[in-house]
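Colleague: Residue numbers (full-length UniProt numbering), protein chains in the order written: chain Z, 1 to 204; chain C, 1 to 218.
These aren't lab readings, by the way, just hints derived from the structure by calculation. Among these hints, one or two may not hold up.
Facing chain Z, from chain C, some residues (calculated, C-beta under 8 Å) [unchecked claim]:
1) K10
2) P84
3) N216
4) R218
Backbone N, C-alpha and C fix where the C-beta goes; we use that ideal spot for every residue, glycine too.
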Amino acid sequence: MTLTVTDLSVARGGIPVLEGLSFSLASGKALILRGPNGIGKTTLLRTVAGLQPPLRGQVEGAEDQIAYAAHSDGLKPTLTVAENLTFWASVFGRNGIEQALDGFDLQTLRDRQAGALSAGQKRRLGLSRMLVTGRPVWIMDEPTVSLDTASVAMFANAVRAHLGQGGSALIATHIDLGLEAEVLDVGPYKAKPPEIDDFDGDFL
Amino acid sequence: MIALLLRDLKLALRAGGGFGLGLAFFLIVTVMVPFSVGPQSELLARIAPGVLWLGALLACLLSLDRLLALDWEDGSLDLLATAPLPLESTVTIKALAHWITTGLPLVMAAPVLGVLLNLPAAGFQWLVISLLLGTPALSVIGTFGAALTVGLKRGGLLMSLLVMPLYVPTLIFGSEVARRGAEGMAVQTPLLLLAGISAASIALLPFASAAVLRVNLR
């Protein structure tokens with residue numbers, strides 16, 4: 001299962017932010033996106049995830065293959081850790097959350113309400129959601145925000161295991177995860193400001 | 001789909017879920033009517049069907065702003081949009097959960113509150129039937145309004161302004177069924193029109209809701 005992006009241009013709020021982007025992501029591979037704040041990494045990930053249409057270009061192999069993790073984790077504060085995970089597992093037509101709880105060291109917290117978790121614990125729960133989706137392509141936006149060093153290592157192990165099972169991952173991050181991954185700096189793809197062409201020759 | 005329905009019901013019943021808010025609002029509005037129009041029982045009996053319908057409609061409106069906004073705020077809506085569930089069925093399930101937690105309790109409370117307003121005996125069954133037929137339309141139309149305003153901070157008032165005009169046909173035919181029933185007249189025409197409005201809303205509006213939701217998620 002390969003995710004292919006060809007000549008993609010994305011826009012945020014009607015303003016083009018990135019253009020002419022092409023890459024492909026084979027199974028078992030990870031691609032790390034880098035670039036300064038505001039360059040359009042989130043917009044690119046949302047476009048690849050199908051949440052917004054591209055301005056130009058194509059995304060192939062994403063439909064019904066991707067699991068998306070955004071800045072917010074989509075947790076319900078009044079449900080317990082186990083209930084939150086079970087819900088997402090059944091939305092994706094799967095069952096069995098034990099592996100996900102083990103993978104992110106959440107077993108001791110399973111009956112705690114998600115609203116009572118710390119920021120890092122919430123993030124771990126949000127990331128463990130990726131494990132219950134069973135989707136091959138992970139698209140993650142700054143997954144390590146508010147994680148401590150041990151949890152970052154835990155996350156890197158989960159990604160490595162996922163890649164080992166033939167999955168792939170597209171990750172926007174600024175820190176070094178210690179993964180054997182290709183790095184794509186999106187800086188050079190910054191969209192040029194549109195040429196102003198409102199000069200009306202007939203006026204002369 | 002069942003998982004989403006169960007989750008929404010569970011969330012509504014847990015702390016801060018808002019279950020019973022609409023019901024309490026309905027109760028208070030109905031109890032306040034005799035205070036404002038005076039205790040003449042003939043007058044109350046005449047306006048009871050309309051007041052009960054309006055109260056149920058406003059109670060329904062009150063709980064709409066949490067229907068999709070909460071899921072949008074915590075990011076669940078983005079994740080649901082990338083899940084295997086089509087958005088059309090997501091919004092249908094959300095509307096169904098809203099009806100079960102808001103509409104259905106209103107239908108069941110209405111006859112009790114009818115007593116407070118001296119509703120004539122013949123009117124009770126038609127009141128319940130009209131609410132039972134009409135409240136699903138209120139939930140589905142409300143979900144459409146919630147989808148239109150999702151992503152707007154504090155969009156509750158705007159949503160009320162958008163949704164209220166759309167509620168007009170349901171209100172007219174719903175309270176007409178209840179009024180005619182209470183006065184012992186034939187109810188067939190408004191009843192069929194009410195059923196038609198509900199059926200059409202349930203059949204068509206989920207597609208519209210999903211479409212505007214896709215635009216709002218961009």
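Colleague: Minimum Cβ distance from K10 (chain C) to chain Z below 8 Å?
Modeller: Hint on K10 (chain C): holds, closest Cβ of chain Z at ~7 Å, below 8 Å.
Colleague: Hold the hint about R218 (chain C) up to the distance rule: shortest CB distance to chain Z must be less than 8 Å.
Modeller: holds (4 Å)
Colleague: For the hint on N216 (chain C), does the least C-beta distance to chain Z fall short of 8 Å?
Modeller: violated (11 Å)
Colleague: Less than 8 Å between beta-carbons is the criterion; does P84 (chain C) satisfy it with respect to chain Z?
Modeller: Status holds, d = 6 Å.
Comparing the model with each earlier hint shows a violation of hint 3 alone; every other hint is respected.
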